[in-house]
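Novice: Read off the chains here:
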Amino acid sequence: MVIGVLALQGDFREHARMVRSLGVEVHLVRFPEEVESVDGLIIPGGESTTMGKLMVKYGLDQAIVDRFDAGRLAIYGTCAGMIVVAREIEGSQAQPHLGLLDVTVQRNAFGRQKESSEEDLEIEGLDTPLHALFIRAPVIIRTGPSVSVLARVAQGPVYVQQGRLLASSFHPELGSDTRVHEQFLRLAEQSSNQEV
Amino acid sequence: MTEIGTTRIKRGLAEMFKGGVIMDVTTVDQAKIAEEAGAVSVMALERIPADIRREGGVARAADPGLVEQIMDAVSIPVMAKVRIGHIAEARILEYMGVDFIDESEVLTPADVTYHIDKWQFKIPFVCGARNLGEALRRVSEGAAMIRTKGEPGTGDVSEAVTHMRAVMNEVRKVQSMLEDELVVEAKDLGVNVELLREVRMLGRLPVVNFAAGGIATPADAALMMMLGADGVFVGSGIFKSSDPLPRARAIVVATTYWEDPKVLLEVSKGLKEGMSGIDARTLVELDKMQVRGN
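Chains as they are written, first to last, in numbering that gives the first Met the number 0: chain A, 0 to 195; chain B, 0 to 293.
DEER-style ranges, computed between Cβ atoms: (1) V57/B / G22/A: 54 to 62 Å; (2) P128/A / S267/B: 48 to 56 Å; (3) Q61/A / L285/B: 50 to 58 Å; (4) G70/A / Y94/B: 48 to 56 Å; (5) V183/B / Q94/A: 46 to 54 Å; (6) R196/B / G162/A: 41 to 49 Å; (7) T103/A / E284/B: 54 to 62 Å; (8) G22/A / D286/B: 52 to 60 Å; (9) Q61/A / D110/B: 50 to 58 Å; (10) K261/B / D126/A: 46 to 54 Å; (11) E121/A / E178/B: 39 to 47 Å.
For the record, the hints were derived by calculation from the structure and aren't laboratory data. These numbers were taken from a predicted model, which means no experiment stands behind them. C-beta: ideal position from N, C-alpha, C; glycine also.
Bound-form chain A, shown alone (with noise of 0.2 Å):
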């Protein structure tokens, strides 16, 4: 199993570093022809609209949407990416994203970086609360019927998973905790044993 990390912009490396730590081989991705060696895609935190924009410049939006069709992809979005995978961005239907999950998100949904905020988190199928961190985070505002919501705050829901699709308004890898991380993994094992 590989997993790509889309490295446009954004927290990038610190997904590599955690993926690689659980022992897992990490491909960088920026061009087309890259997804196609990876079960798996993380879409790192950053700014959303910065990566749409260099998402389209060489095609790598539908290279990415294909392999995801064809159930060959997991992918897992974390903060900007949780808005770059989402099907609706309230107030900026312009934006380039990917539109996969079924989800209207809003952006900067707790305001603006004064009030970005960390907090422990429960989270569906982790024993204990994960230590979350929100910085200018988005926050799900409506879930289509096959989206199921694994974890929630006061504004909304913040985690949520679509087959073999997740998404967090947080960023675990900003920390030392991998197991959102590692629940993402089981989820591209499914996409890398399909293909034999």
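Using the hints provided, position chain B relative to the given structure of chain A.
Specialist: Below, chain B alone, put in the same frame as chain A:
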């Protein structure tokens, strides 16, 4: 319990800027162009460094009304500059909810001895540095991000190169030091030995380190990434050029694809004239912004 304004949250926002370009803007229209080009953040200011240099006089923080208009006009984070040591300008920006404050040598220093105690603020600060000692002194005052000073407003990248190389070189030196050598080095640099130990362990600064000061072309941005920058600030280089949007876009692409000469070639071609610039070696000491704050 929910906590705001922690060190991790402040440094974390800087982590999100990595691999990106932060652009100086002086109007709402420029801010929109920067966002359209793919900037990760904009720096709102009244005059860009090249004009400050040309016009002279005392350069202060921008009119908060202008900063507010820019905050309303774009969805990306907004930064603004304050004078070195100007606690009150910083408190105003914090209250407004600016996302990041640049305590900047580009403006005329308000305090010739002390920088702001940045630990007292809920929002993060970025500061300029020419070498490891300066960078770590700013980190110990609470800076959540460091950038090279370069020589702002010149369009000459050479000073940014010197400063980035100095930081990287000193980090490598520290990595090979024994404990007794480290203690003396900390004394020489005027920094806390704990902080220097952290640098030795990490093999880099404990915060994100961007390049700034004189970057004017896509190749300049790529060069700074090659030297180990986490991302770049472009000040006068974009809006002092003859056709800002294509140049801004090209610099964004070059900052992502800095390892790929084919992409760099593609985006470097056909850009209209860049800013004219000043050879930084011709500046007399008094005209250098980089010597402000140490």
